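Peer 1: Protein chains in written order, with this note's numbering: chain G, 130 to 371; chain S, 130 to 371.
Bear in mind the hints are in silico, worked out from the structure with no lab data behind them.
Just so you know, these numbers come straight off a predicted model, no measurement behind them.
Hints are supplied without guarantee of correctness; some may be wrong.
Same chains, same names: a pair is fine if it fits in one copy or spans any two.
Derived lysine-lysine pairs resembling DSS-like cross-links, with alpha carbons at most 30 Å apart [stated by the list, open to error]:
| # | residue 1 | residue 2 |
| --- | --- | --- |
| 1 | K351 | K363 |
| 2 | K351 | K284 |
| 3 | K284 | K363 |
| 4 | K363 | K224 |
| 5 | K351 | K224 |
| 6 | K224 | K284 |
These are the residues of each chain, in order.
Number of protein chains: 2
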Amino acid sequence: MVDEKRFTQHISRQYNEELARILNRVMRMGGLVEQQLADALLALTQGDSVRGERVVASDYEVNAAEVELDEECIYILARRQPAASDLRLIMAVIKTITDLERIGDEAERVASMALHLLDEDRRRSPMAQMQALGRQVRHMLAGALDAFARMDAEKAVQVAEQDIEADRQYEGIMRELINAMMDDVVAVPRAMDIIWSARALERIGDRSRNICEYVVYFVHGKNVRHTSLAQMAKELADDRRK
Amino acid sequence: MVDEKRFTQHISRQYNEELARILNRVMRMGGLVEQQLADALLALTQGDSVRGERVVASDYEVNAAEVELDEECIYILARRQPAASDLRLIMAVIKTITDLERIGDEAERVASMALHLLDEDRRRSPMAQMQALGRQVRHMLAGALDAFARMDAEKAVQVAEQDIEADRQYEGIMRELINAMMDDVVAVPRAMDIIWSARALERIGDRSRNICEYVVYFVHGKNVRHTSLAQMAKELADDRRK
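From just these sequences and the hints, can you work out the full model?
Peer 2: Spelled out as structure tokens, the structure:
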């Protein structure tokens, strides 16, 4: 799954294996979180309560993966004293797993709200838009994990750019729900459940973007957090010309 | 500000100074974020627009502090190859600054909402409860930074426990706002601004608790994320008996 060519330049075969194992574990944790998000969205958009409950029940697996990976990173730092790109890789892993764990929490939030909304008439607005936003952030998460697996900075910037579309969709849903609440007070509790779900999805987009920023940091040694996308793309282009 | 006795056991005076400098910088970043939160709360509860705008304008300072501290931590990891408690300290710093930066983002959210609510009648409910929640999370943030400065795990557990009260206050505000929206549709936009502010304050409580968990991790070498508070307190007591 992980492109090991990037990480196998050490004399110690064991060290290579340790790094490859960490990366494969990050990908496995990412796969778990992707499954949680997919299940939460099916619970929300199709009223599938079995999947909704499965998301809530699987939270501990993601938490355990985060704690284990954290410990493996500390072990590598203490034992191997990595430098240069290996050190940046470990830093990227430490930060990525925090975001993955929080994406799992957001998926759990969506699943809990979905369990409130089981009797919902899903033809009603804005469920189609929620489905579209869900698709968008799933796509972003998959793209971020793919960019991470291949440590592909260009792909990472492309995925980060998709957050603009996710934010636009989220704003549209918010406007619609606020209008719905003002038209009909009975709609308020339902609208609030959907608002929290939409917010959770929007945050998953933000955190997928964070992961992309760590990939750019790994590849180019540049911290691009708090940098605009245009600036990020420009710096990558400058690096390529060097 | 930082209790250097805990970090001055190295033969290299320069290394000691590097660690002390990092900790002092974390405290300075924490002080900045505390000021942002205090200003955001004055903007919200007293309609002080000058302070509200100051929070929005000072966001870049907190972001810059995070990037610089991240780089200093990487420098120490690469150059000094810390082990044992020094390594745990650097890990705690790396994680703490991420939470501090996000607390700054939440304070900015509160300030932006406050700028929407300038004409608000602040005698109306739930502004008194918002003030109480604001006081609670300011107290938590100050306590978390204090526990961090002294690396005091018992204090950290005490502060983490306060998150239960913050969550209780937040739930009360939510119930009240949902009822207000159902009583009077005209209240919806105002209520939504207060809802986002309340949510941001609640998240500041969560993130202050995260910082407390990193302190416990530093002192006891135990990862207490995803551990209940009762479990956390029990493990500390067990450690003391050893």
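Peer 1: Now tell me, hint by hint, if it's right for this structure.
Peer 2: So, going through the hints one by one against the coordinates:
1. K351 x K363: within (12 Å within a copy, 42 Å between copies)
2. K351 x K284: So K351 and K284 pass the 30 Å test inside one copy only (16 Å; across, 37 Å).
3. K284 x K363: Within one copy, since 14 Å is at most 30 Å while 46 Å is not.
4. K363 x K224: both (24 Å within a copy, 29 Å between copies)
5. K351 x K224: Answer is both; intra-copy 15 Å and inter-copy 19 Å each pass.
6. K224 x K284: both (19 Å within a copy, 26 Å between copies)
In terms of the numbered hints stated before, the structure departs from none.
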